[in-house]
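Asks: Start from the sequences, fold in the hints, and give me the full structure.
Taking our numbering, the leading residue of the sequence shown gets 1399, the next gets one more, and so forth.
Hints may be right or wrong, so weigh each one.
Simulated pairs of lysine to any residue, SDA-like, Cα-Cα distance not exceeding 20 Å [unchecked claim]:
| # | residue 1 | residue 2 |
| --- | --- | --- |
| 1 | K1486 | D1471 |
| 2 | K1486 | T1446 |
| 3 | K1564 | T1446 |
| 4 | K1408 | E1475 |
| 5 | K1520 | E1508 |
| 6 | K1486 | L1523 |
| 7 | K1558 | E1508 |
| 8 | K1439 | H1469 |
Ranges between beta-carbon positions, derived for each pair [to be verified]:
| # | residue 1 | residue 2 | range |
| --- | --- | --- | --- |
| 9 | K1564 | K1474 | 39 to 49 Å |
| 10 | K1564 | G1434 | 20 to 30 Å |
| 11 | Y1482 | D1406 | 23 to 33 Å |
| 12 | K1558 | Y1482 | 25 to 35 Å |
| 13 | G1449 | E1480 | 29 to 39 Å |
| 14 | D1471 | L1561 | 43 to 53 Å |
| 15 | F1421 | G1464 | 34 to 44 Å |
| 16 | G1464 | S1407 | 32 to 42 Å |
| 17 | E1410 | S1494 | 32 to 42 Å |
| 18 | K1474 | P1517 | 28 to 38 Å |
| 19 | H1403 | A1554 | 16 to 26 Å |
| 20 | G1464 | H1403 | 29 to 39 Å |
| 21 | F1421 | K1550 | 17 to 27 Å |
| 22 | P1517 | L1551 | 11 to 21 Å |
I should point out that these hints are in silico values taken from the structure, not numbers from a laboratory. Glycine included, every Cβ here is placed at the ideal spot set by N, Cα and C.
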Amino acid sequence: AVGNHEFDSKPEGFAKNTRKATFDFIASNTVLPEGGNYRIKPYEILTTKNGVRIAFVSLLNINQGGIPDSHPDNVKEFRFKEPYATAKEYLYLYDSCQVLVFLNHMGFEEDVALAGQLPAGKVDLIIGGHSHTRVDKEQIHNGILITQAERKLKFATLIKLTLKDKR
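Replies: The structure is reproduced here in structure tokens:
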């Protein structure tokens, strides 16, 4: 998931890093510059060995200036859509997958607020970042499990989802 620090190396460095990576980047509310060579998708769908389809959507926090927490010069070629409205645009993925996960870089409190605005039963899990919150106890808001594992790989969170009736 794209976070605010991906922009620290300016657009050229960010593009280079996405091309060098051995994984896809996702950013649902980031509009890429025209003609840029970025390996960034709005969402990703993975299929497990036993055929379970998991959709990942990613939202990036934007500040009051309409940009992520980065120097304005680093993001001037990008545009950013409001994350809460963008989240609702991707709820259709629930219909084609068994699990819908939001992999956000918005902060724990913002993830809780987002969960409160989403229709119940459409999102299974929010894995967050940005605020570096250590979530020790189960946090379920509007039926959505929300977690974050602090920072710099200091902690990890094991999440075990059990499907019932293919959901």
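Asks: A separate judgement is required for each hint: does it hold in the structure or not?
Replies: Do the hints match the structure? See the list:
For the hint linking K1486 to D1471, the alpha-carbon distance of about 29 Å lies beyond 20 Å, and the restraint is violated. Taking the CA atoms of K1486 and T1446, the gap is about 25 Å. The hint is violated against a cut of 20 Å. Of the supplied pair hints, the one linking K1564 and T1446 holds, its CA atoms being roughly 13 Å apart against a limit of 20 Å. Between the alpha carbons of K1408 and E1475 the distance comes to roughly 10 Å, so the proposed pair stays at or under 20 Å and holds.
Of the pairs offered as hints, the one joining K1520 and E1508 holds, with about 18 Å between alpha carbons and a cut-off of 20 Å not exceeded. Restraint check: the Cα-Cα separation between K1486 and L1523 comes to about 15 Å, which is no more than 20 Å; the hinted pair holds. Between the alpha carbons of K1558 and E1508 the distance comes to roughly 23 Å, so the proposed pair goes past 20 Å and is violated. With a C-alpha separation of about 23 Å, the suggested pairing of K1439 with H1469 is violated against the 20 Å cut-off.
Range check, K1564 to K1474: about 45 Å between beta-carbon atoms, so the 39 to 49 Å window is met. Separated by about 39 Å at the C-beta atoms, K1564 and G1434 break the suggested range of 20 to 30 Å. Our hint of 23 to 33 Å for Y1482 and D1406 holds, since their Cβ atoms are close to 25 Å apart. At roughly 28 Å, the beta-carbon separation of K1558 and Y1482 lies within the given 25 to 35 Å, and the hint holds.
Distance hint check for G1449 and E1480: the Cβ-Cβ separation is about 35 Å, which falls inside the suggested range of 29 to 39 Å. Judged by the Cβ atoms, the range 43 to 53 Å given for D1471 and L1561 holds: they are separated by roughly 46 Å. Separated by about 28 Å at the C-beta atoms, F1421 and G1464 break the suggested range of 34 to 44 Å. Range check, G1464 to S1407: Cβ separation about 21 Å, and the 32 to 42 Å hint is violated.
For the pair E1410 and S1494, the beta carbons lie near 36 Å from each other, so the given range of 32 to 42 Å is met. The beta-carbon spacing between K1474 and P1517, approximately 35 Å, falls within the hinted interval of 28 to 38 Å. Between H1403 and A1554 the beta carbons are some 20 Å apart, a value that agrees with the proposed interval 16 to 26 Å. A beta carbon spacing of about 18 Å between G1464 and H1403 contradicts the range 29 to 39 Å that was offered as a hint.
Separation of F1421 from K1550 is about 19 Å and conforms to the stated range, judged on CB atoms against 17 to 27 Å. Between P1517 and L1551 the beta carbons are some 34 Å apart, a value that contradicts the proposed interval 11 to 21 Å.
The structure is inconsistent with the numbered hints 1, 2, 7, 8, 10, 15, 16, 20, 22, although it conforms to all the rest.
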